[in-house]
Amino acid sequence: MDPIDPLHVVISSQPFFNVILHRFPHYLSNIHVNDWTLCLPATGISIQANSVTQDFLATHVLRPTNVDDEYLTVNNKLVHLVGQTLATGRGFAGERVAHILADILYKDDLIKPINIYLIDIPLVKQDTDTEERHIAESATTLPLLLHEISRDSNALKHIDGLISQFNDQAITLTDLDILLATMNDLLSSCFDIISSVQDRLEPILTRLNMNMETFYQIAETYVMEQTYEVTYFILQRAHRSADMELVDCMTLLQELDLNQMGLRPQWGSNLISAVKCSTNSTDLVNSN
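With this note's numbering as the guide, the letters of the sequence shown map in order to residues 7 to 294.
Think of the hints as simulated: they come from the structure by calculation, not from any bench.
The beta carbon of each residue, even a glycine, is placed where N, CA and C say it ideally should be.
Some hints here could point you the wrong way.
[What the hints assert, rightly or not] Simulated DEER-style distance windows between Cβ atoms:
hint, residue 1, residue 2, range
1, Tyr-234, Phe-98, 34 to 40 Å
2, Ala-93, Met-250, 56 to 62 Å
3, Leu-107, Arg-69, 20 to 26 Å
4, Asp-249, Ala-280, 32 to 38 Å
Model the full assembly from the supplied sequences, consistent with the hints where possible.
Here it is in structure tokens:
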């Protein structure tokens, strides 16, 4: 049996790496296929795993350029390789230098070989306000936090039950005002459930630099995600008639003649000349 590489143990236990593995696995596939490099901050660095965003991850995936010792991140920011350091450049809010602790070709039973720079600090800082906003955008955050306060997740089971009941009832609705009122009732009921466990939630939220207002946004995001397919179908069905009327009107407009527009037939040639002149003028302006 081959000896275990200590660096591989460090990487596999790194919170940021595990977030990528479970939430953004397609990034690992793209890194392998395109021969990109993942910059992985050292284990001792404080990165809040629950608030890792796709933009934060994209800033730590490097693509080679035609210039030696120069990379572009996946979100198009410039990074310079200077000896054993990575220096941020164009596109970053400020200058930051990360030391490369190790250059590794990492692979395991689940992951194809990928290039990894183990660095001492992240290439960007995690902004608390941005973190809270992105946490609230994640529909996966609600079950994670509710599960943390109660392993049997009774609060989440109750919320999921209300959502399931809403989906069963809403599919038969045709009045959009009634749909809106029913959705508001669902959100209100879910907020009441969350309010009942607020005392147990607050220590966790404090640890994550979050507040109850942010958590209510998380709950709303979760409800919207779980009811999306039903509500989209209802809205599509409700607006289908209006959409067809609009299509019919546009079809009729294509068949308008001068007489229907209230113009004399003899003006036709002048109108065509004016359109050509306008088109030529537009082309001339655009070419300059």
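Hint check:
{"no.": "1", "hint": "Tyr-234 <-> Phe-98: 34 to 40 Å", "result": "holds (35 Å)"}
{"no.": "2", "hint": "Ala-93 <-> Met-250: 56 to 62 Å", "result": "holds (58 Å)"}
{"no.": "3", "hint": "Leu-107 <-> Arg-69: 20 to 26 Å", "result": "holds (21 Å)"}
{"no.": "4", "hint": "Asp-249 <-> Ala-280: 32 to 38 Å", "result": "holds (33 Å)"}
In summary, this structure violates none of the numbered hints.
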